[in-house]
Amino acid sequence: MSRGMSAPALWILRHLGHRNEPLAGDLVEQFRAGRSSAWLWAQVLCAIAMGEFRQPRVPVALNLTPIDPIVAEWLMSRRLTPRRVTLSSPVEGVGGLGLMMMGFLLSTVVPDVWWFVMGGIVCGVALGTMLAYQRRHRPMATDGRIHTGQLKDLFA
Amino acid sequence: MARHLLTDFELMILLATLRVGDGAYGVPIAAEIGRTGGRQVVVAAVYAALDRLERNGLVSSSIGEPTPERGGRAKRFFQVTPQGMRAIKETQRALVALWKGIPELKGGNV
Chain A
1 MSRGMSAPAL WILRHLGHRN EPLAGDLVEQ FRAGRSSAWL WAQVLCAIAM GEFRQPRVPV
61 ALNLTPIDPI VAEWLMSRRL TPRRVTLSSP VEGVGGLGLM MMGFLLSTVV PDVWWFVMGG
121 IVCGVALGTM LAYQRRHRPM ATDGRIHTGQ LKDLFA
Chain B
1 MARHLLTDFE LMILLATLRV GDGAYGVPIA AEIGRTGGRQ VVVAAVYAAL DRLERNGLVS
61 SSIGEPTPER GGRAKRFFQV TPQGMRAIKE TQRALVALWK GIPELKGGNV
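So the protein sequences, as listed, match chains A and B.
Counting in this note's numbering, the first sequence runs from 1 upward without gaps.
Counting in this note's numbering, the second sequence runs from 1 upward without gaps.
Keep in mind that the hints were calculated from the coordinates and are not lab data.
Note that CB positions come from ideal geometry on N, CA and C, so glycine has one too.
Hints should not be assumed to be uniformly reliable.
Unchecked claim - Stretch by stretch, here's where chain B covers chain A in the computed footprint (C-beta under 8 Å, at least three residues):
1. 11-25
2. 107-115
To be verified - Per the computed footprint, the stretches of chain B lying under chain A, defined by three or more beta-carbons under 8 Å from a beta-carbon of chain A, are:
3. 7-18
4. 45-58
5. 95-105
With the hints as extra help, turn the sequences into a complete structure.
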């Protein structure tokens, strides 16, 4: 694997590395010291699989509009305050866009299982509604919005 | 205080941290385990174990200065605490006690 293949891995480290800076720094340092792209990819994928770059606890807001965690962070990095951010996915680390992409791919590759995708969406919405109902009395902000500063605290 | 017996990986991490000494962080610890212990480990696994050991009070950590070659990220240095040293010795004693009296393991021909 050529060193050019490492660009996506470095991109992942740049964008998720703040969740475990010492680990991301170690990997970047070793890669710059001459480690191969294969080594870097193995380390990054293992780190992701082990949850070392996982987002810290993120609350479920009342709004059920799915916004992917990466999109939320992009908005933060552009200093755009999302009106509401909902990370209601039942699977940690997989946001709304991730689930939508999964559903799209599954229904494209195996169209016969559309009912499976639909069932998953219905179950996801039901679970999100239940979680939102449970947390209704613990709003994130007095005006019902989640602000950039609060998100930064959550991701810190 | 309850005895804390270490898993084999935790024991290797603690011993490697002691061997590296000052300036022990993820990469040198993983390298020491590979070089001396003959076990290749991913750096993320080392950090996961070190986090667990720190929560149990067996290691402590401190953050160094960010450096350009690390993309502006700081190192996290680890030290074994006195409680960690006790855990190492207790684990060693338990392993040695289990080792003794097994005829199949005598003579080094296994």
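* Earlier hints that do not hold, by number -> 2, 3 and 5
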